[in-house]
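Going down the list, the sequences are from chains A and B.
For the first sequence, our numbering assigns the number 233 to the initial residue and increments by one for each residue that follows.
For the second sequence, our numbering assigns the number 233 to the initial residue and increments by one for each residue that follows.
The set of hints was computed from the structure by calculation and includes no laboratory data.
This one's a predicted model, so the numbers in the text were calculated from it and none came from an experiment.
Check the hints yourself; a few may be wrong.
Calculated pairs, DMTMM-like style, for lysine to aspartate or glutamate (alpha carbon to alpha carbon, straight line, at most 20 Å) [as the list claims (entries may be wrong)]:
| id | chain 1 | residue 1 | chain 2 | residue 2 |
| --- | --- | --- | --- | --- |
| 1 | B | K597 | B | E513 |
| 2 | B | K597 | A | D283 |
| 3 | A | K597 | B | E512 |
| 4 | A | K432 | A | E472 |
| 5 | A | K597 | B | E368 |
Simulated coverage check for chain A against chain B, where a stretch passes if three residues somewhere in it have a Cβ under 8 Å from a Cβ of chain B [claimed, not checked]:
| id | segment |
| --- | --- |
| 6 | 326–332 |
| 7 | 353–367 |
| 8 | 489–495 |
Ideal Cβ positions, reconstructed from N, Cα and C, are used throughout, including at glycine.
There are 2 protein chains.
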Amino acid sequence: MVSDPEGAIDRPDAAEQDLLEPARGLEEAVLDALDAENNERVRTLLAPLHDADLADLLQRLSPEERGTLIPVIRPDLHPEVLAELDDAVLDDIVDLLGIENIAAAVTELDSDDAVDLIEELDADEQRVVLDAMPAEDRTLVEEALAYPEDSAGRLMQRELVKVPPFWTVGETIDYLRHIADMDEDLLPDVFYDIFVVDPKHHPVGTLPLSRLLKSKRPVRVEGIMETAMTLIPATTDQEEVAFLFRQRDLVSAPVVDADGRLVGAITIDDVVDVIEEEHEEDMMLMGGIREDDLYSAAIDTTRSRFSWLLINLGTAVLASIVIGLFDATIEQMVALAILMPIVASMGGNAGTQTMTVAVRALATKELAPVNAMRLIGKELLVGGFNGILFAGITGAVAWLWFGNLAIGLVIGLAMIVNMVVAGLAGTTIPLALERARIDPAVASSVFLTTVTDVVGFFAFLGLAAWLLL
Amino acid sequence: MVSDPEGAIDRPDAAEQDLLEPARGLEEAVLDALDAENNERVRTLLAPLHDADLADLLQRLSPEERGTLIPVIRPDLHPEVLAELDDAVLDDIVDLLGIENIAAAVTELDSDDAVDLIEELDADEQRVVLDAMPAEDRTLVEEALAYPEDSAGRLMQRELVKVPPFWTVGETIDYLRHIADMDEDLLPDVFYDIFVVDPKHHPVGTLPLSRLLKSKRPVRVEGIMETAMTLIPATTDQEEVAFLFRQRDLVSAPVVDADGRLVGAITIDDVVDVIEEEHEEDMMLMGGIREDDLYSAAIDTTRSRFSWLLINLGTAVLASIVIGLFDATIEQMVALAILMPIVASMGGNAGTQTMTVAVRALATKELAPVNAMRLIGKELLVGGFNGILFAGITGAVAWLWFGNLAIGLVIGLAMIVNMVVAGLAGTTIPLALERARIDPAVASSVFLTTVTDVVGFFAFLGLAAWLLL
Numbered sequence: 233m234v235s236d237p238e239g240a241i242d243r244p245d246a247a248e249q250d251l252l253e254p255a256r257g258l259e260e261a262v263l264d265a266l267d268a269e270n271n272e273r274v275r276t277l278l279a280p281l282h283d284a285d286l287a288d289l290l291q292r293l294s295p296e297e298r299g300t301l302i303p304v305i306r307p308d309l310h311p312e313v314l315a316e317l318d319d320a321v322l323d324d325i326v327d328l329l330g331i332e333n334i335a336a337a338v339t340e341l342d343s344d345d346a347v348d349l350i351e352e353l354d355a356d357e358q359r360v361v362l363d364a365m366p367a368e369d370r371t372l373v374e375e376a377l378a379y380p381e382d383s384a385g386r387l388m389q390r391e392l393v394k395v396p397p398f399w400t401v402g403e404t405i406d407y408l409r410h411i412a413d414m415d416e417d418l419l420p421d422v423f424y425d426i427f428v429v430d431p432k433h434h435p436v437g438t439l440p441l442s443r444l445l446k447s448k449r450p451v452r453v454e455g456i457m458e459t460a461m462t463l464i465p466a467t468t469d470q471e472e473v474a475f476l477f478r479q480r481d482l483v484s485a486p487v488v489d490a491d492g493r494l495v496g497a498i499t500i501d502d503v504v505d506v507i508e509e510e511h512e513e514d515m516m517l518m519g520g521i522r523e524d525d526l527y528s529a530a531i532d533t534t535r536s537r538f539s540w541l542l543i544n545l546g547t548a549v550l551a552s553i554v555i556g557l558f559d560a561t562i563e564q565m566v567a568l569a570i571l572m573p574i575v576a577s578m579g580g581n582a583g584t585q586t587m588t589v590a591v592r593a594l595a596t597k598e599l600a601p602v603n604a605m606r607l608i609g610k611e612l613l614v615g616g617f618n619g620i621l622f623a624g625i626t627g628a629v630a631w632l633w634f635g636n637l638a639i640g641l642v643i644g645l646a647m648i649v650n651m652v653v654a655g656l657a658g659t660t661i662p663l664a665l666e667r668a669r670i671d672p673a674v675a676s677s678v679f680l681t682t683v684t685d686v687v688g689f690f691a692f693l694g695l696a697a698w699l700l701l
Numbered sequence: 233m234v235s236d237p238e239g240a241i242d243r244p245d246a247a248e249q250d251l252l253e254p255a256r257g258l259e260e261a262v263l264d265a266l267d268a269e270n271n272e273r274v275r276t277l278l279a280p281l282h283d284a285d286l287a288d289l290l291q292r293l294s295p296e297e298r299g300t301l302i303p304v305i306r307p308d309l310h311p312e313v314l315a316e317l318d319d320a321v322l323d324d325i326v327d328l329l330g331i332e333n334i335a336a337a338v339t340e341l342d343s344d345d346a347v348d349l350i351e352e353l354d355a356d357e358q359r360v361v362l363d364a365m366p367a368e369d370r371t372l373v374e375e376a377l378a379y380p381e382d383s384a385g386r387l388m389q390r391e392l393v394k395v396p397p398f399w400t401v402g403e404t405i406d407y408l409r410h411i412a413d414m415d416e417d418l419l420p421d422v423f424y425d426i427f428v429v430d431p432k433h434h435p436v437g438t439l440p441l442s443r444l445l446k447s448k449r450p451v452r453v454e455g456i457m458e459t460a461m462t463l464i465p466a467t468t469d470q471e472e473v474a475f476l477f478r479q480r481d482l483v484s485a486p487v488v489d490a491d492g493r494l495v496g497a498i499t500i501d502d503v504v505d506v507i508e509e510e511h512e513e514d515m516m517l518m519g520g521i522r523e524d525d526l527y528s529a530a531i532d533t534t535r536s537r538f539s540w541l542l543i544n545l546g547t548a549v550l551a552s553i554v555i556g557l558f559d560a561t562i563e564q565m566v567a568l569a570i571l572m573p574i575v576a577s578m579g580g581n582a583g584t585q586t587m588t589v590a591v592r593a594l595a596t597k598e599l600a601p602v603n604a605m606r607l608i609g610k611e612l613l614v615g616g617f618n619g620i621l622f623a624g625i626t627g628a629v630a631w632l633w634f635g636n637l638a639i640g641l642v643i644g645l646a647m648i649v650n651m652v653v654a655g656l657a658g659t660t661i662p663l664a665l666e667r668a669r670i671d672p673a674v675a676s677s678v679f680l681t682t683v684t685d686v687v688g689f690f691a692f693l694g695l696a697a698w699l700l701l
């Protein structure tokens with residue numbers, strides 16, 4: 233919004249009150265105002281909020297609370313707020329707002345945000361929204377939706393500024409002012425680079441606005457444009473796009489179709505969202521969840537988590553079978569049953585440490601065939617060192633606890649074996665999955681704990697059966 | 233680099249060969265050329281690489297390989313490459329290059345990158361570099377270093393463009409061209425916003441370059457500037473800065489000192505690095521590592537991982553003590569020893585799923601006091617549902633395995649108890665840590681597994697002792 237500077241200072245900007253929790257205390261106030269049916273106060277409270285902060289607030293409320301709030305703020309609800317919402321909450325709000333209002337909102341968004349929002353709707357809702365859109369906007373969105381999900385084509389913005397290389401700085405600036413005059417909507421709300429294209433619309437360079445502004449009017453664009461570009465094919469997966477933006481410190485990049493023609497531009501703000509998504513995905517997968525289910529109903533959450541737990545039950549039963557092999561041994565020396573979880577659990581944790589580093593390094597491409605062997609070798613060493621250290625500690629504990637030196641030696645030996653195996657499994661399992669084109673974050677931990685449990689119980693109980701009886 | 237478009241097309245741009253792995257196969261070629269002492273070929277191979285890609289390549293090489301490569305490429309090694317390196321590898325390269333060369337390199341960087349680099353050096357190296365720098369650059373860097381580590385003050389760039397609100401678009405553009413003429417270095421290499429300040433240098437608005445370019449020369453800056461700014465105090469922690477940039481889709485933001493004066497600007501490219509750092513930190517902490525030790529020597533890695541494993545040993549011993557309480561029971565029925573790890577392990581996994589969602593939601597501020605109770609309630613339900621499901625499955629397995637219905641009932645009951653407890657612990661532990669101002673990612677998992685192990689073994693063995701004997 234554009235207004236006079238004074239406006240800004242008086243204006244209660246959440247960021248000035250508390251940078252980190254713009255909405256602290258606000259929820260309570262809003263809910264109170266809602267109970268008091270003081271709609272005016274509700275609007276005044278929410279007016280200063282940034283769209284994203286309002287979206288967050290809506291997400292933190294319960295469905296019932298949202299049900300009462302939405303009708304109150306509907307008139308002045310920015311479409312951008314919808315673009316910021318989590319799927320589960322968006323569905324909820326779409327029902328509250330009515331699909332027509334959504335359609336109206338979507339047309340106000342830049343093409344990339346519009347696509348973002350429409351992606352989240354189910355098929356029939358999408359139809360309604362698309363049909364309600366003005367023809368040209370619809371074409372832009374439908375073209376974007378034609379690209380695979382999570383591809384650069386979905387991410388890119390169709391509105392962009394392109395100029396021929398032979399134009400001068402002056403011509404370029406006049407052109408921008410001219411379009412802005414004719415129809416603002418032909419330009420992106422905000423942009424950082426101008427794209428230089430040849431007559432076939434192939435990008436030949438990019439021109440950062442700051443460089444344009446540093447140059448005199450008569451200077452030719454081709455003389456000052458950046459020619460070392462990163463061209464992104466529209467079908468590129470968004471994860472690759474994010475990697476490139478990080479790696480090259482890009483702020484915007486040209487997207488090209490199969491024939492190398494410029495079809496759109498991806499800007500950093502969308503990429504930051506992708507980085508967040510990928511981050512969240514990694515965390516969830518390593519935590520044993522398919523996707524963040526914070527806003528899903530209990531029953532859906534139960535269903536989606538069940539499968540992972542079932543796999544884990546399988547590995548746990550496997551470990552029990554291994555223990556079962558030694559029931560006679562345990563019967564003769566119950567101390568073994570008491571101590572056996574220690575070896576397995578230490579192996580699991582050491583393995584997880586190693587696996588975390590490996591999975592991360594694979595994701596950042598820091599781990600490649602050329603240095604894989606070196607990492608494995610190092611982790612074997614680390615496993616060996618820590619194995620010896622904890623063999624000493626645990627052995628001493630067991631010895632003192634049961635007044636039996638032999639049992640201390642057995643648990644010590646088992647500890648060394650399992651820690652070395654953990655180092656080996658923690659590196660080789662992610663590497664193997666990566667080679668098999670499976671996301672290492674998904675399955676690594678279940679394979680790892682299977683290995684460290686089985687080896688842990690087998691080594692300890694096996695050595696015991698062999699040396700103690 | 234600025235050159236003619238043709239240059240770009242012929243130029244072997246790694247990104248065009250393979251977006252995701254610019255360096256694939258290249259390492260081998262480089263190493264071969266090094267063995268053949270064909271330095272010319274080494275340089276030709278590395279010339280087209282982006283600075284960040286070269287940095288990655290250096291990191292993937294072994295210390296010995298780096299030792300031979302660096303002297304070969306030293307002459308044409310961009311300072312930006314150093315700014316991209318991991319600490320451990322940087323130390324290594326600083327020794328190879330000699331501190332004087334580092335000093336020379338630093339002066340070529342923008343102030344924020346220079347600070348980035350100098351931060352990584354140890355105290356005496358810092359002195360050498362700072363003394364070797366031209367007075368004014370040194371002041372900029374020293375002022376930045378005066379701010380706390382990981383603060384906005386460290387992150388910000390000192391070079392920025394500020395104009396008074398009463399200037400016109402025309403005056404602003406002429407001013408930029410003028411400075412660019414006089415001394416490029418007074419302007420940042422690239423910038424996206426112009427900052428509008430009052431006579432006391434307090435920011436009153438920001439002006440996105442695209443908006444400047446859309447407006448006619450006579451238009452006044454104050455008429456088109458963005459007054460809804462996010463002012464970032466220089467002492468703000470970088471994690472908060474990253475949160476704000478994400479939340480508000482910022483590309484650059486003004487940094488102010490204690491008196492509200494504009495002292496610098498933070499740009500998105502630095503924030504993306506912060507987001508990555510924070511992401512890595514979360515992953516590592518949840519994996520039980522203090523920091524990414526991919527490039528650390530085996531012995532340092534062993535040391536840094538030891539403490540976490542020691543804590544884990546404590547919790548494992550605790551679990552064993554619980555088992556020890558029931559040694560008589562186990563002696564009478566060894567089947568219990570065989571089955572007992574299942575209950576504990578299922579609880580641990582269910583708890584980890586819940587904890588992952590909670591830790592993530594706390595990090596993104598999606599979980600706040602207002603909705604904490606709702607989440608806890610939901611997770612108790614989920615724990616109950618899955619508990620019942622797995623009680624059935626596991627009970628049946630145990631019953632068939634040992635032909636003993638009672639043991640099936642006992643493990644089923646224990647399973648329900650532990651899954652519900654896991655749901656409770658998985659939410660309340662992170663919430664409690666957050667309230668205690670401890671990063672939930674650090675300690676959550678160790679507390680969680682302690683709870684699920686202790687409760688798992690106690691519930692199963694306790695119920696067995698009570699119902700079976």
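Do the hints match the structure? See the list:
Simply put, K597(B) and E513(B) have alpha-carbon atoms about 17 Å apart, close enough for the 20 Å limit, and the pair holds. A distance of roughly 15 Å separates the Cα atoms of K597(B) and D283(A); the hinted pair therefore holds under the 20 Å criterion. Among the hinted pairs, K597(A) with E512(B) is consistent with the structure: their alpha-carbon atoms are about 14 Å apart, no more than 20 Å. Distance restraint check for K432(A) and E472(A): the Cα-Cα separation of roughly 26 Å exceeds the 20 Å cut-off, and the hinted pair is therefore not satisfied.
Distance restraint check for K597(A) and E368(B): the Cα-Cα separation of roughly 38 Å exceeds the 20 Å cut-off, and the hinted pair is therefore not satisfied. Counting residues of the segment 326–332 of chain A whose C-beta lies closer than 8 Å to any C-beta of chain B gives 0; at least three are required, and the coverage claim is violated. As drawn, the segment 353–367 of chain A meets chain B at 0 residues by the rule of a beta-carbon pair under 8 Å; below three, the given contact is violated. Restraint check on the segment 489–495 of chain A versus chain B: 0 residues with Cβ-Cβ distances below 8 Å, three needed, restraint violated.
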